[in-house]
Amino acid sequence: MRRSVFIAGLAVALVLGMGVFGTGRKGSVTSAQEKMSTMDVKIDNFSFGPVTLTVPVGTTVTWTNRDDIPHTIVSTDDPKAFKSKVLDTDEKFSFIFSKAGTYPYFCSIHPKMTGKVIVQ
Amino acid sequence: MSDKKKDELLHDHNNDGVNRRGFLKCMAWAGTGAFCVMQGGVLKSYSLSRFSELNTAEANGELSFVQISDSHMGFNKPANPDVAGTLKAAVDKINGLAAEPEFMLHTGDISHLSKPEEFDTVDQILKSAKPKDVFYVPGEHDVLNDDGKQFLERYGKGSKGAGWYSFDKKGTHFMGLVNVMNLKAGGLGTLGHEQLEWMEDDVKHLKASTPIVVFAHIPLWSVYPEWGWGTDDSAQALAYLKKFGSVTVLNGHIHQTMQKVEGNVTFHTAASTAFPQPQPGKADSPGPMKVPAEQLRSVLGITDVNYVQGQHALAVVDSSLA
Chain A
529 MRRSVFIAGL
539 AVALVLGMGV
549 FGTGRKGSVT
559 SAQEKMSTMD
569 VKIDNFSFGP
579 VTLTVPVGTT
589 VTWTNRDDIP
599 HTIVSTDDPK
609 AFKSKVLDTD
619 EKFSFIFSKA
629 GTYPYFCSIH
639 PKMTGKVIVQ
Chain B
894 MSDKKKDELL
904 HDHNNDGVNR
914 RGFLKCMAWA
924 GTGAFCVMQG
934 GVLKSYSLSR
944 FSELNTAEAN
954 GELSFVQISD
964 SHMGFNKPAN
974 PDVAGTLKAA
984 VDKINGLAAE
994 PEFMLHTGDI
1004 SHLSKPEEFD
1014 TVDQILKSAK
1024 PKDVFYVPGE
1034 HDVLNDDGKQ
1044 FLERYGKGSK
1054 GAGWYSFDKK
1064 GTHFMGLVNV
1074 MNLKAGGLGT
1084 LGHEQLEWME
1094 DDVKHLKAST
1104 PIVVFAHIPL
1114 WSVYPEWGWG
1124 TDDSAQALAY
1134 LKKFGSVTVL
1144 NGHIHQTMQK
1154 VEGNVTFHTA
1164 ASTAFPQPQP
1174 GKADSPGPMK
1184 VPAEQLRSVL
1194 GITDVNYVQG
1204 QHALAVVDSS
1214 LA
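Protein sequence lines, in the order shown, are assigned to chains A and B. Just so you know, we're using my numbering here: the first sequence kicks off at 529 and counts up by one. Just so you know, we're using my numbering here: the second sequence kicks off at 894 and counts up by one.
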C-alpha cells in the first residue's frame, strides 16, 4: 500500500520536476520526525519499566537509572544492536530505533534484569 | 536435644540451595557475629556469647587469615555516605584481632564504578592493615566498561584467564575464582568452560586430605536466584572438589553473612564493609538497604578464618564493625 503511494508520488514528481519534489519530500520527512515520540524506560528496583516497550520505527528510547546501584543497557543480539556505558544514579542512555524488529536487552551487571523493545 | 546439638547446622539433603533451619539460624546471627567450626563436614556453630566454651587452640588456629568484601569505594548514597570511613573501621577491626591474620582475601566489589581513584583509595586504606598480602577476586563492579582490563593490571599479576589463580599456605590450597565476567541475559554468575578446565587440572594432583578454600565474588551456591545470587555452573566446579574432606567456599556479593553446609563443603558469605542488602526476597530489590546511622556498623563486618591443623577444622568468625 505504502509503496504504491510512494510510486504515485514519484510519478507526480517527474511531471512537476525534481526541484519541487525534493523540497516537498524534505518537508514531509521533517514533519514525520517531529511526530515521532521519544519513549522512556525507567530503571527502578533492578527492573526495566516497562519490561516490553512497543514503539514506531524512528523512535528514540531513553533509559534512566533511578536506582542507587549502576546498571547497563546491552542488546542481547549478536552483533549487539546497542550497548550503553555504565549508568550511575540518574544517568541516561538513548538509542534511536530506525529499523523494525524485536530488540531484547539486559543489564550486563545484573543479568537477571531483562527487557525488550518492539519496533513496528 | 542438648544445647550443643541445638546449635549445630543441619545438613541440606535436598540440594535445593538453602537449608531452611540453618538459613534462618544464620540470618538470626547476621550483625551479631557467629563462630563456626567445621569438623568432618559438620559445621558446629556458636553464638559469640558461647565463644568462651571453645578452647584457645581452636580459636587461635595455625593458619589465620581474614576476608573482607564489597568495599564499594565511590558509593555515596544514603545507605552509607562514608564507605572510606567504614573500610577504615574494618582495617581497625582486623588490626585488633587477637590472632594476627597472615593475609587478607578481598572477595570483590573493591570499587563501585571501576574508577582508578576508587581502587587507589582502597589500596591506600588497606596499606594500614597489619597483614600486608591481599589476594583479590573481582566483583562485577570492578570490571565495568573495560572487560576487567584494569582489574587484571592492578591485581591479577600471574593469574590465568580473567584473573583466576591458586596458591598454598601451610598445607591449605586456596583457589581464587572469577564468576562476574561474560554474564548472560537472564542468567547468574558464570565461571565458564576455560576456568572450569583449569580448576579440574589445578586440584588433580592434590591429596584428598588437603584442605581447600575457594573464594569468589558471587556465591557458588544458590542463595536466591531470583536476585541473581548464585552461579550457573558452580555444580561443575564443586564436582571437582568432591574427593576433598574439607572444602570451604567464601563469597561476598550479597552484603550479609550466611552459611550452609552440604556434604564436605561449607559455604559462607561475608558482610560488606560498605552497606547492607536485604535478606532474600524481603524487599522489592537487592539494592542498598538504609538502616539508621547508629546501626550501620552493626550490619557491616569482616570475616576471620582459622584453620587448625590436624583437627580437620576451619573456623569462620564474622565480626561486625560496631
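Keep in mind that the hints are not guaranteed to be accurate.
Distance windows between CB atoms, simulated [to be verified]:
1. B:Asn-1038 to A:Ser-626: 43 to 53 Å
2. B:Lys-1020 to A:Val-585: 15 to 25 Å
3. A:Thr-617 to B:Lys-1025: 46 to 56 Å
4. A:Asp-605 to B:His-1098: 41 to 51 Å
Calculated lysine-lysine pairs in the DSSO-like style (CA-CA distance at most 30 Å, straight line) [unchecked claim]:
5. A:Lys-620 to B:Lys-1183
6. B:Lys-1063 to B:Lys-1136
7. A:Lys-620 to B:Lys-1077
In short, the hints are calculated from the structure, not lab data. Please read all numbers here as calculations on a predicted model, not as lab measurements. Glycine included, every Cβ here is placed at the ideal spot set by N, Cα and C.
Hints versus structure:
Restraint check, Asn-1038 of chain B to Ser-626 of chain A: a C-beta distance of roughly 26 Å breaks the suggested window 43 to 53 Å. Roughly 56 Å separates the CB atoms of Lys-1020 of chain B and Val-585 of chain A, a value that falls outside the hinted 15 to 25 Å. Under the hint 46 to 56 Å, the C-beta atoms of Thr-617 of chain A and Lys-1025 of chain B, about 36 Å apart, miss the expected range. Asp-605 of chain A and His-1098 of chain B have their C-beta atoms about 43 Å apart, which keeps the hinted 41 to 51 Å range intact.
As the CA atoms of Lys-620 of chain A and Lys-1183 of chain B are separated by approximately 24 Å, the hinted pair is consistent with the 30 Å bound. With a C-alpha separation of about 20 Å, the suggested pair Lys-1063 of chain B and Lys-1136 of chain B falls inside the 30 Å cut-off, and the hint holds. Taking the CA atoms of Lys-620 of chain A and Lys-1077 of chain B, the gap is near 23 Å; set against the 30 Å cutoff, the hint holds.
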